[in-house]
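Knowing the structure of chain H, use the given hints to seat chain A on it.
Protein chains in written order, with UniProt numbering: chain H, 1 to 342; chain A, 1 to 291.
Keep in mind the hints are simulated off the structure, nothing from the lab.
Simulated restraints, written as ranges between beta carbons of each label pair:
1) A/158 x H/194: 13 to 23 Å
2) H/201 x A/150: 18 to 28 Å
3) A/118 x H/307: 45 to 55 Å
4) H/72 x A/103: 49 to 59 Å
5) H/140 x A/158: 21 to 31 Å
6) A/231 x H/28: 29 to 39 Å
7) H/137 x A/36: 52 to 62 Å
8) A/118 x H/194: 36 to 46 Å
9) A/71 x H/194: 15 to 25 Å
10) A/112 x H/56: 45 to 55 Å
11) A/37 x H/146: 50 to 60 Å
12) A/231 x H/307: 39 to 49 Å
13) A/132 x H/319: 33 to 43 Å
Idealized CB from N, CA, C, for every residue including glycine.
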Amino acid sequence: MSRTSRALGVAALALAAGLAGAAMAQSGSIVFTSWGGTTQDAQKKSWAVPFTKETGITVKQDGPTDYGKLKAMVESGNVSWDVVDVEADFAAAAAKDGLIEPIDFSIVKRGEIDPRFVTDHAVGSFYYSFVLGFNPASLKGKTPKSWADVFDTTAFPGKRTFYKWSAPGVLEIALLADGVPADKLYPLDLDRAFKKLDSIKKDIVWWGTGAQSQQLLASGEAPIGQFWNGRIFALQQSGEKVDLSWEQNLTAADMLVVPKGAKNKEAAMKFIAEATSPEGQASFATESGYAPVNVKSAALMPKDVAANLPDKHTASQINLDMGYWAAHRDEIGKRWYAWQAE
Amino acid sequence: MTVTDVPIATPSPVLAAARRRGRGLAPVLPALALIVVVFVIPVLALLLRSVLEPEPGLQNYAAFFASTTYLKVLGNTFLVAGTVTVATVLLGFPVAWFLAIAPSFWSRLLFAIVILSMWTNLLARTYAWMVLLQRTGIINRTLMEIGLISEPLPLINNLVGVTIGMTYIMLPFMILPLHATIRSIDPAIFQAASLCGASRFQAFTRVMLPLTASGIAAGALMVFVMSLGYFITPALLGGTSNMMLAELIAQLVQSLLDWGLAGAAALVLLVITLAIYMVQLRFFGFGQARG
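So here's chain H without its partners, still in its complex pose (with noise of 0.2 Å):
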């Protein structure tokens, strides 16, 4: 045996070596990835603390959430994480494209879920509404109510910041303030929806994460836009004077999902079944002003906090149609995007 092969072969046994000391600890972890910042601290609390507690299996934080690197994972058959929390039209996109596993529902409790959230691939994580947000110092005092104030520059003078990427949100947006009634929406008349959004185009500065739309508005960078009403929420609690609009709020949910190939499928499943059960989504609901997907949540949470979360703005809630974005999300992100960079 010359030098080398020995070195190979001692190089050989101690991958081994460590792939079966790796699989061993795996058995007792997972990886739980989600978008950072005052949500993900949430979810850790309220969920990832608890399951460890009852379990023993140990969840690992990663993040943030990309749908690129999820892609990459399965592709290559080395999937690193467990569950994902994402947004729904990826869920039902990735659904589609065979990236993710079904949800095991002898594990995860079905029925106890709002059935607007839950599919045959992914379960809610919560549910959100994009509200008009904005800082009344920076406004001088006038209150804007509907979305088409953000559209009114003369009005509300300053920047307006609205969600970066391609997802559903800005333009119903575009289309509420241009008039379009809330059930006449989908199927989005691009055109108009974009034809709107160019009106104000150059005073809108971009988000992409949500840590930095609260630092836009709190800073009264851009006084006035779009928000997830969690961040709003998390704002206040922290003392900032922002304020935000219920009206015309759009509800969609971030789901869980386990990406193809995940390595502790089971440990995944019940790890969902934890955060989303009445405990684990009354918890998470109470730190966030995320409202829970678990119907029996509500029950268990303090009054005063229940009071202010998005179930209880459904006055002129309107939905955002997941169905319809998973069939149009490449064709309007090809758009989206040319239009940005326009």
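Then chain A, alone, in the frame of chain H:
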């Protein structure tokens, strides 16, 4: 006098002999293997996708060049990289000159500042620029309080922001090669020039510039090529309407999951970069190391 006449460093006979025998290759192999495994193979895989997805053919390249958006992004990329390169030459030259001639205390101090700024975390530096440049940032607030302006200047989310941020980040990459070149020039040459009756301007244009041309070219190449593929700073300080190619590629990979088109865009960027490198090699040589 042309550039190639200047002996910057005399090639050592020992090195030259080693080069003829092809020695010294073995120690290079680990680094080479690393580059091949973690860089060359993945890049090739992405490039392959550009001609294989969604079906074999050149449709991704056709789509790239048919789209006015993508061509505009390509144009922006060149505009930013070019502007930043010119700005770093103009700002970096005096600094490199000062570093070479200043008393050692001052040159060491300045050198430390240049190097330290390069070692500070890139993201932290870019966020610092956001704090400075935004509408409610320090610069705008100060100017408004003095009364110089009544509306905040648009310094961020546009080309101005990207150029300022990237010029600052790229400056050391211009200063360091320039400094090396300037330091190797014998100061007596300038005395000789003035003794021969050259004005200060002539001494600069006819002696200084030709002597430092290789340093400027090396720095400019480094800055230009690095700027072409830059991502973080344009993403944070720029706006969507002056997006650069790296951002477009990230968008295609992460959000649209269109890896074929992303591969095509990446190859376009790679080919352009290599072409620029070739031009540089042709005119300025591979440093002075060809011997």
